[in-house]
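Trainee: Sequences and hints are given; from them, build the entire structure.
Listed below, chain by chain, are the residues.
There are 2 protein chains.
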Amino acid sequence: MGDNGWLARELRHHYLFSALNETQRARILSHVFTRSFGAGELLFSRNDPAPSFFLLRNGVVKLYRVSADGQEKIMRLIRAGQSFAESIMFMDQPHYPVHGAGVEAGELLVIERSGYLEMLRESFDTCRAVMVQMTQRIQAHWDEIEALTLQNSRYRVTHYLLSLVPEGQRGTVTVTLPSRKMLIAAQLAITPETLSRVLRVLSDEGLIEVQEENIRIPDVDSLRKRMH
Amino acid sequence: MGDNGWLARELRHHYLFSALNETQRARILSHVFTRSFGAGELLFSRNDPAPSFFLLRNGVVKLYRVSADGQEKIMRLIRAGQSFAESIMFMDQPHYPVHGAGVEAGELLVIERSGYLEMLRESFDTCRAVMVQMTQRIQAHWDEIEALTLQNSRYRVTHYLLSLVPEGQRGTVTVTLPSRKMLIAAQLAITPETLSRVLRVLSDEGLIEVQEENIRIPDVDSLRKRMH
DNA sequence: GCGCGGCCTTGATGCACATCAAGCTTGCGC
DNA sequence: GCGCAAGCTTGATGTGCATCAAGGCCGCGC
Chain X
1 MGDNGWLARE LRHHYLFSAL NETQRARILS HVFTRSFGAG ELLFSRNDPA PSFFLLRNGV
61 VKLYRVSADG QEKIMRLIRA GQSFAESIMF MDQPHYPVHG AGVEAGELLV IERSGYLEML
121 RESFDTCRAV MVQMTQRIQA HWDEIEALTL QNSRYRVTHY LLSLVPEGQR GTVTVTLPSR
181 KMLIAAQLAI TPETLSRVLR VLSDEGLIEV QEENIRIPDV DSLRKRMH
Chain P
1 MGDNGWLARE LRHHYLFSAL NETQRARILS HVFTRSFGAG ELLFSRNDPA PSFFLLRNGV
61 VKLYRVSADG QEKIMRLIRA GQSFAESIMF MDQPHYPVHG AGVEAGELLV IERSGYLEML
121 RESFDTCRAV MVQMTQRIQA HWDEIEALTL QNSRYRVTHY LLSLVPEGQR GTVTVTLPSR
181 KMLIAAQLAI TPETLSRVLR VLSDEGLIEV QEENIRIPDV DSLRKRMH
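Chains X and P are the protein sequences, given in the same order. Count the first sequence with the working numbering and you get residues 1 to 228, in order. Count the second sequence with the working numbering and you get residues 1 to 228, in order.
Since the hints were made in silico from the structure, they are not lab data. You may find that some hints are simply not true.
The list treats identical chains as interchangeable, and a pair is accepted whether it falls inside one copy or across any two copies.
[Stated by the list, open to error] Cut-off 30 Å, straight-line C-alpha distance, at most; resulting in silico cross-link-like pairs (DSSO-like, lysine-lysine): (1) 181 <-> 73; (2) 225 <-> 181; (3) 225 <-> 73.
Mentor: Laid out in structure tokens, this is it:
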């Protein structure tokens, strides 16, 4: 991409690169380029051959699947600083397992699988960092599968709201929904109508107060107690 | 464990150990012991501190979560030769994220996290093998989340039946359900009643023939075509 | 200004699956 | 043999969420 100085500096703080030494990091730059995209632009389709994975610099990206009848489920919403599709590195026939598309225009780093993989061989610490990430991803999936099978929509919405509350916060908190309600519904695997209704019920019960995309939670603990 | 000769021989064929050299494999044995368990016996609970992961030698183990009202969702059913809970290796506060219990009595190898982790540092190939496994697990989770959100019970049951058909097989196949129908239902996140009814419908449509736990599929392709 | 499309809400209706309940079969202990 | 429990099936009923439909609000282009 030409201007490699700040790129190297930027990469230093991401777990995929932080454990590499300067030589390695310099070497990897030849396998990296940037790409910008618009809102709604398709980045890759499910089952496309996957030569690269990505690091999002700014904007928002959705990873999603589509059912036979066109319904869409967002598997993950990517925000600035997050990497995605790393796992294609460890497939022997790398293909993207989901669709990827822009939600808000932005720019991403495209990292070539083969080059990075070679680098991995030399850095156990980076290997370990990748595995830590994958483990966290697996945990998240289990939580989601649990929520989908063992819990109802009220639980899922409440759980989501609580996930927006800063760690360790108690008492009264105001959170801001990080995206349009439609997108949130698609993540929680409910319809926008249901999301709207659940928020209504919660606010009728005095557990939350909805003001546009700002949600005031008078008491985090009592919300947590009444998830079911 | 004393009798280490066959143990070393047994381990050689498992991906967690196959890339290690003899010295390493010998060294790891001091971090491994066996444990036998009965049907229904609890092996570990969700949130227990997790010093070890496991390799199942024989019997069947279920990994599951339980909802507030006692409903049980089987996250994974482990069979002889499979390892599980490896991912606790990469948590900084290792705790089991699910319950584990015997389904059919058997015996498992208990592998200490710390010892194995040290070994990993020395073998990129093993690292890579672990990452490949984790990647496959992640794929499977995405498929499951998709099935839970985008597909109905008929699809899930059909998909499950087709997963029992040997790779590349076409035409007429007979598969045997690998466990009691209750357990299968708990994996597919449906009730035994619904499973029973779906099988009934499929067999009324001539797509399958049910004979106890043996299921004859006259034509794999037409079953695949009529999943929805 | 006005019209239009996207997003959100609210209500009426529908449907897939769960729940509840009863009956059947099989295996096991006595 | 009998009684009993576990697993499976089938039918009747219930319910949570989706679907369908309509209306309000807001931003944008004309």
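Trainee: Measure nothing new, just compare the shortest in-copy and cross-copy C-alpha distances for residue 225 and residue 181 to 30 Å and report within, between, both or neither.
Mentor: Only inside one copy: residue 225 and residue 181 sit 24 Å apart there, 35 Å across copies, limit 30 Å.
Trainee: From the Cα coordinates, with 30 Å as the cut-off, is the pair residue 225 and residue 73 best called within, between, both, or neither?
Mentor: both (28 Å within a copy, 22 Å between copies)
Trainee: When no copy is specified for residue 181 and residue 73, does a C-alpha distance of 30 Å or less occur within a copy, between copies, both, or neither?
Mentor: For residue 181 and residue 73, both the intra-copy (14 Å) and inter-copy (29 Å) Cα distances are at most 30 Å.
Consistency note: the structure conflicts with none of the earlier hints.
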